[in-house]
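Participant: Full structure from sequences and hints, please.
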Amino acid sequence: MAIFITLRCGGRGEGRSEFGKYRCWSDDNDDPYVLAGDTKKDAYLSLEDLFTDAKSAGWKRINGEWMCPSCIAFNAENKKA
2 MAIFITLRCG GRGEGRSEFG KYRCWSDDND DPYVLAGDTK KDAYLSLEDL
52 FTDAKSAGWK RINGEWMCPS CIAFNAENKK A
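Heads up: take any position in the sequence shown, counting from 1, add 1, and you land on my numbering.
Any given hint might turn out to be false.
Claimed, not checked - 25 Å max Cα-Cα, derived SDA-like pairs, lysine to any residue:
no. : residue 1 : residue 2
1   : K80       : R24
2   : K80       : G21
3   : K80       : G59
4   : K22       : D32
5   : K61       : E78
Honestly, the hints are just simulated from the structure, not real lab data.
As the structure is a computational prediction, the values presented were derived from the model and not from experiment.
Facilitator: Here it is in structure tokens:
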């Protein structure tokens, strides 16, 4: 058995249009993820890969929450970040 671990964007649910240019990646389930082994140690060790993948895809940790590139751009344009 494996453990599925994913990041969800902290900017979800901000009322953006589903057809707008700033659609949150988590709304489309387009999040970075890893499959870890079925132990706590395996899950913990997989987090490094998850965070590396997230950063390479443009995700950033802002105020303690992971944010997708779309929400980062939306917040920058609307002066929220």
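Participant: Tell me, in ascending order, the numbers of any earlier hints that this structure violates.
Facilitator: none
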